[in-house]
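Chains as they are written, first to last, in the working numbering: chain H, 30 to 600; chain P, 62 to 199; chain C, 89 to 436.
Some clues are possibly wrong.
To be verified - Derived DEER-like restraints, expressed as beta-carbon distance ranges:
#1 Trp-223(H) x Gly-119(C): 33 to 41 Å
#2 Leu-448(H) x Ser-176(C): 48 to 56 Å
#3 Lys-189(H) x Gly-119(C): 33 to 41 Å
#4 Tyr-387(C) x Trp-223(H): 55 to 63 Å
#5 Tyr-162(C) x Trp-223(H): 40 to 48 Å
#6 Tyr-162(C) x Lys-518(H): 41 to 49 Å
#7 Leu-252(C) x Glu-66(P): 25 to 33 Å
#8 Lys-377(C) x Lys-412(H): 43 to 51 Å
#9 Asn-438(H) x Glu-154(P): 32 to 40 Å
#10 Leu-252(C) x Ile-409(H): 52 to 60 Å
#11 Val-196(P) x Lys-243(C): 45 to 53 Å
#12 Lys-518(H) x Gly-119(P): 50 to 58 Å
Said to hold, decoys possible - For the chain H half of the interface with chain C, some residues (derived, Cβ under 8 Å), not all of them:
#13 Ser-105
#14 Glu-200
#15 Glu-362
#16 Lys-364
#17 Ser-366
#18 Met-370
#19 Glu-371
#20 Leu-373
#21 Thr-417
#22 Ser-419
#23 Pro-459
#24 Leu-462
#25 Glu-489
#26 Ala-492
Keep in mind that the hints were calculated from the coordinates and are not lab data. Just so we're clear, the structure is a prediction, and the values are computed from it rather than from any experiment. No residue lacks a Cβ here, since even glycine has one placed at the ideal position from N, Cα and C.
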Amino acid sequence: MARIGIFIDTLKGTLPSSFRDQLRSTLREIPEVAFSAEEEELVSSEALERMSKLLEREKVERVVVVGGSPKIYETSFQKWGLPLPLNSYLFTVANIREQVLWSSMDEKEAFEKAKRTILKALRIASSLKPIESQTLPLKPEVLILGGGLSGISIASTLAKAGIQVFLVEKEKTLGGKTTELWKFYNKEVEVKGWLEQKISELRQNPRISLLAPAQLKYLRGHLGRFQATVLTGKGEEMTLTPHVIVVTTGYRVERKRGGIYDHKRVITLSEMEKLLSETHPPFPLFEGKRVETVTYLLDETNEDIKLDAINALKQSLILQGSLKCQVTILCKEVKVSSEGMERLYRKARGLGVLFVKYEESPRLSLVDGQIQVEVKDTSILHKEDQWTISILSDLVVLPETILPHQELNELSALLKLHLGKRGFLMEDNPQLLRVRSNRRGIFVAGGCRFPQEISETLFEADALAQEVLALLSKGAYTYDLSVAEVDPKKCALCYTCPRVCPHSAITVEKYAEKNVYLTYGIPQNTQWGAAKVDPASCFGCGICVGECPARAITLRHYPDELIYIQMGVDG
Amino acid sequence: MANFEPKIIAFCCDQSGYPSADMAGALRLNLPKNVQIVRVPCAGRVEALYLLKALEKGADGVILFACYEDNCQYLRGNLRAKGRLSYVHRLMEKIGLEKERIEICYLATNSGVKLAETLERKSKELKRLGPNPCVDRR
Amino acid sequence: MTLTNMLEKEVLIIGSGIAGITIALELTQWGIPPLLIERNSSIGGLASIFCCKASESCNKCFACVVDKRVSEVYQNKKIQLLTQTEVSRIRRNEKKFEATLKKGRELYHLRTNAIVVAAGIDPYDATQKGEYGYGRYPDVITAKDLDEMLRYKGKLIRPSNGELPGRIAFFQCVGSRDESIGNLYCSQVCCAYALRLIKAIHYQYPLIEVSFFYMDIQPAGSSFESFLNSCREDRRIRFIRSLPSKIYFSPASNLLKVRVPDPQTGDVAEEAFDLVVLSVGMVLNKGAKSLVQWLALNYTEDGFIESPPLQKGVFVAGACSGPKDIDRTILHSKHIALEVYQFLKGIN
Numbered sequence: 030m031a032r033i034g035i036f037i038d039t040l041k042g043t044l045p046s047s048f049r050d051q052l053r054s055t056l057r058e059i060p061e062v063a064f065s066a067e068e069e070e071l072v073s074s075e076a077l078e079r080m081s082k083l084l085e086r087e088k089v090e091r092v093v094v095v096g097g098s099p100k101i102y103e104t105s106f107q108k109w110g111l112p113l114p115l116n117s118y119l120f121t122v123a124n125i126r127e128q129v130l131w132s133s134m135d136e137k138e139a140f141e142k143a144k145r146t147i148l149k150a151l152r153i154a155s156s157l158k159p160i161e162s163q164t165l166p167l168k169p170e171v172l173i174l175g176g177g178l179s180g181i182s183i184a185s186t187l188a189k190a191g192i193q194v195f196l197v198e199k200e201k202t203l204g205g206k207t208t209e210l211w212k213f214y215n216k217e218v219e220v221k222g223w224l225e226q227k228i229s230e231l232r233q234n235p236r237i238s239l240l241a242p243a244q245l246k247y248l249r250g251h252l253g254r255f256q257a258t259v260l261t262g263k264g265e266e267m268t269l270t271p272h273v274i275v276v277t278t279g280y281r282v283e284r285k286r287g288g289i290y291d292h293k294r295v296i297t298l299s300e301m302e303k304l305l306s307e308t309h310p311p312f313p314l315f316e317g318k319r320v321e322t323v324t325y326l327l328d329e330t331n332e333d334i335k336l337d338a339i340n341a342l343k344q345s346l347i348l349q350g351s352l353k354c355q356v357t358i359l360c361k362e363v364k365v366s367s368e369g370m371e372r373l374y375r376k377a378r379g380l381g382v383l384f385v386k387y388e389e390s391p392r393l394s395l396v397d398g399q400i401q402v403e404v405k406d407t408s409i410l411h412k413e414d415q416w417t418i419s420i421l422s423d424l425v426v427l428p429e430t431i432l433p434h435q436e437l438n439e440l441s442a443l444l445k446l447h448l449g450k451r452g453f454l455m456e457d458n459p460q461l462l463r464v465r466s467n468r469r470g471i472f473v474a475g476g477c478r479f480p481q482e483i484s485e486t487l488f489e490a491d492a493l494a495q496e497v498l499a500l501l502s503k504g505a506y507t508y509d510l511s512v513a514e515v516d517p518k519k520c521a522l523c524y525t526c527p528r529v530c531p532h533s534a535i536t537v538e539k540y541a542e543k544n545v546y547l548t549y550g551i552p553q554n555t556q557w558g559a560a561k562v563d564p565a566s567c568f569g570c571g572i573c574v575g576e577c578p579a580r581a582i583t584l585r586h587y588p589d590e591l592i593y594i595q596m597g598v599d600g
Numbered sequence: 062m063a064n065f066e067p068k069i070i071a072f073c074c075d076q077s078g079y080p081s082a083d084m085a086g087a088l089r090l091n092l093p094k095n096v097q098i099v100r101v102p103c104a105g106r107v108e109a110l111y112l113l114k115a116l117e118k119g120a121d122g123v124i125l126f127a128c129y130e131d132n133c134q135y136l137r138g139n140l141r142a143k144g145r146l147s148y149v150h151r152l153m154e155k156i157g158l159e160k161e162r163i164e165i166c167y168l169a170t171n172s173g174v175k176l177a178e179t180l181e182r183k184s185k186e187l188k189r190l191g192p193n194p195c196v197d198r199r
Numbered sequence: 089m090t091l092t093n094m095l096e097k098e099v100l101i102i103g104s105g106i107a108g109i110t111i112a113l114e115l116t117q118w119g120i121p122p123l124l125i126e127r128n129s130s131i132g133g134l135a136s137i138f139c140c141k142a143s144e145s146c147n148k149c150f151a152c153v154v155d156k157r158v159s160e161v162y163q164n165k166k167i168q169l170l171t172q173t174e175v176s177r178i179r180r181n182e183k184k185f186e187a188t189l190k191k192g193r194e195l196y197h198l199r200t201n202a203i204v205v206a207a208g209i210d211p212y213d214a215t216q217k218g219e220y221g222y223g224r225y226p227d228v229i230t231a232k233d234l235d236e237m238l239r240y241k242g243k244l245i246r247p248s249n250g251e252l253p254g255r256i257a258f259f260q261c262v263g264s265r266d267e268s269i270g271n272l273y274c275s276q277v278c279c280a281y282a283l284r285l286i287k288a289i290h291y292q293y294p295l296i297e298v299s300f301f302y303m304d305i306q307p308a309g310s311s312f313e314s315f316l317n318s319c320r321e322d323r324r325i326r327f328i329r330s331l332p333s334k335i336y337f338s339p340a341s342n343l344l345k346v347r348v349p350d351p352q353t354g355d356v357a358e359e360a361f362d363l364v365v366l367s368v369g370m371v372l373n374k375g376a377k378s379l380v381q382w383l384a385l386n387y388t389e390d391g392f393i394e395s396p397p398l399q400k401g402v403f404v405a406g407a408c409s410g411p412k413d414i415d416r417t418i419l420h421s422k423h424i425a426l427e428v429y430q431f432l433k434g435i436n
């Protein structure tokens, strides 16, 4: 057994002195324990300095900290580069405060349990092996897929901070869905000029290489070593080697079709936006005739997306306020949760816009060249008294259904990214903090994840840019090798682990020199294929370890031995 | 058997189970006497083998604490753990060992109360079920 | 004896709620060591008392994310954390800011290049709505009180007698969208917040009947449609699109009475509830007012802090700039962290 040094953190006196006396006498009798030192606050810089000096002098091989939760100590020792002579993975913590002393009723029992915990920690300490850290150089080169508002915003932000950006856009022009907007709902500026300025800034930036139209054909590699093959509109294949990838491919829309919905007087929100941008006061014209009644039919689709409500309200203020129309908005809920929307809603009502909240879908029919919209008004709560209102409309505005791009399935397979329940990118997992993906080095934002209105989209783009800049700013990604490792000799190439790894960190490569499944007659020096974990992309979760049928994978910071000792089955 | 204190092995993942155990301590909630907390990085690290080994080596019950669906830090670890548990349950059924001895319980980082209550409930259940029949007590 | 310390830091972050700590953590990624100050003795702000609102699966309340970030801050040595510390003075001195911080009897004189105001919000004071009886009737509580009860006690009880309630009413929009008090904004989070609390309660106590009094249900997050549908299909939750004007208390039965219009019959009947939960909206944190004055900031129309122009070196993050849930606060804070970085590096 290795020589072990023990540091007892009395946590500013919360460890009872009677216990400390018992502990000292117990520890004195264990031969492996080289010394035991006490500190009042082990994580303070003074205490850590003393610890450092003591460790150098005593030349112990392992350290056990007796105190509170390991979470208090671990980063003190591991991440902040403290000058401790021992590898930081040769420390273990006996959590006797939170998990023993504080959660036991009987003091005597608590002390017994604490002693057992500490003895177990000594066995754990003996089993620990050092884990080194590694550095992966990162160059400031980023590939952005998708040139809509998110992609443009991120490209400009990154380029201004010194990053070389490749922006790949499927269409010839940039701007995505934002090009269909005429006005903002909360600013007086017109969208077209604002967007054009952003695009021209982008085109003039020497650090941004724009490839449009172009599409991603293949992606290989991991963080810091991606290899992307892009097919341009001219049929050329280009290979790029970005270090980080950003996905901002946006979404598509689908118009409701069939029967009355195909009628020319049933238009979409974007068609109304275009109509308004071309309209001169005093009133709008549709096929040369004056438009007086406009009815919006919201919430039949896109129920949890705020975009439709925002655009409808914005348009209705113009129609009712300056174009002498009577607007009625039919919706299930009035969505006012974006900034300033409640005030606009009240303003709209003040101008005479009618809001009708419905539960059953309204019925549309054609009456003398106009669209009749029949809806049951639920503002009267008594169901029997609820009136069916009939609105004869010159135009009915129907939002398009917001859906993921049809190519997203293929793209997610190329990038090895997860899809969410509705077909958009990434599951709705709070731990992803919106912009992360399941893979290290690939980030996702904007409509391809979940469509939002412009200010929110810009915040999300900034949040993503912030993550990318933080990653690239040090010029390298330094990480501990506390990751999974495949023993290539034992790998049977069953391909379970590449499929199971949620972070797509495992690939199969020819790098093994020997294999237990070797058959005779194969010449020497044959390179065998085996699964390989990319250590920079591995998150250290251990899922692969549990799935490998040959038990060929080890998790270096949580090997079987460590778990068995914790379970108490190592004896 | 009087004074039977069931031995429970609780696999606590770094993201939910372990901080919840710390929180239970911080709230001074009492945990049953014979609980052994095993720290793992993710519930997905817990192999089917470990669950069975726990019983083989004398534990009366095992609880696998995992994160809720759609809340795993590593995205799929909790689902893997659930799948392995179903497999273990099928094996236990075949050999006639009570399935209730091993269970999975979902929590989040701040579920101190839920952890303490689950361990308490498990302890009572195991007291009713009796000690692990696999152990040779002669 | 007053101890005086001199400090020179690149960034001062005022407020250690989820916004402040997100910015602090992100700045350390760039090697910028911030000074994070907090008035109270523990960090994490309002969201740190939130309980996990999962039912069978995660309901995306983000409370656990706050807990994780809080422990990351305690472990991150690059963040200098001063708790029980308040700002007593700030002024601008050419390109820097000079601030005096007070921690008990200690004083800190700080020179810094950038200041982030992440002072957070207060829940709307429900006692102002006297007709609801908050503060007078023990069984009228706010959603925040309920959250705290679930996190620290793990049990749902009626404050008046410690028993499990059988019928609960949720009143939405208390203090928001209300012309009578001048709060002409939607607090954005309360609909999803209340529904998630209901789901969490039902998971533990399946028999409780809930009446949900609301105006319009606001969406939150990308899983909201399926979440809301499951609430609507749940027969234990009765959705009533009207906000009661008053809560009556019956001492004889120890029950709260509310006049409820019945959609089926059209009659207005008096119904009894064991517990009424008020979903209070957000208002700017009281303590932020002096900061607004000293830093010459402006208020938005809705009474929150307006983001100043970029060159000033003052940044406003989180809900104190306008109502946000935890998810959007983290997003907004990362955006502000980027702005702080760009400001300090002279980019843009």
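**OP:** Note whether the CB distance of Leu-252(C) and Ile-409(H) lies within 52 to 60 Å or breaks it.
**Re:** violated (36 Å)
**OP:** Under 8 Å, Cβ to Cβ, is where Leu-373(H) needs to be relative to chain C, so tell me if that hint holds or is violated.
**Re:** This interface hint is violated because 10 Å lies over the 8 Å limit.
**OP:** Return holds or violated for the Cβ distance of Tyr-387(C) and Trp-223(H) against the range 55 to 63 Å.
**Re:** Once the Cβ atoms are compared, 26 Å apart, the range 55 to 63 Å for Trp-223(H) and Tyr-387(C) is violated.
Original post:
With a cut-off of 8 Å, does the beta carbon of Leu-462(H) approach a beta carbon of chain C closely enough for the hint to hold?
Top reply: This interface hint holds because 6 Å falls under the 8 Å limit.
Subject >> Satisfaction of the Ser-366(H) interface hint, Cβ to chain C closer than 8 Å >> reply: holds (4 Å)
Original post:
Taking the CB of Tyr-162(C) and the CB of Trp-223(H), does the distance hold inside 40 to 48 Å?
Top reply: holds (43 Å)
Original post:
Would the hint on Ser-419(H) stand, with a C-beta cut-off of 8 Å toward chain C?
Top reply: violated (22 Å)
**OP:** So, Glu-362(H) near chain C? Judge it on the closest CB pair being under 8 Å.
**Re:** holds (4 Å)
Original post:
Between Val-196(P) and Lys-243(C), does the C-beta distance stay in 45 to 53 Å?
Top reply: Given a distance of about 36 Å, which is not inside 45 to 53 Å, the answer is violated.
Subject >> Given hint Pro-459(H) near chain C, where the shortest CB pair must fall under 8 Å >> reply: holds (5 Å)
Subject >> Per-residue hint verdict: Lys-364(H), partner chain C, C-beta under 8 Å >> reply: It holds, given that the least Cβ distance between Lys-364(H) and chain C is near 6 Å, below 8 Å.
Original post:
Taking the closest Cβ pair, is Met-370(H) under 8 Å from chain C?
Top reply: Since chain C brings a Cβ to about 7 Å from Met-370(H), closer than 8 Å, the hint holds.
Violated hints, in rising order: 3, 4, 10, 11, 12, 14, 20, 21, 22; the structure is consistent with all others.
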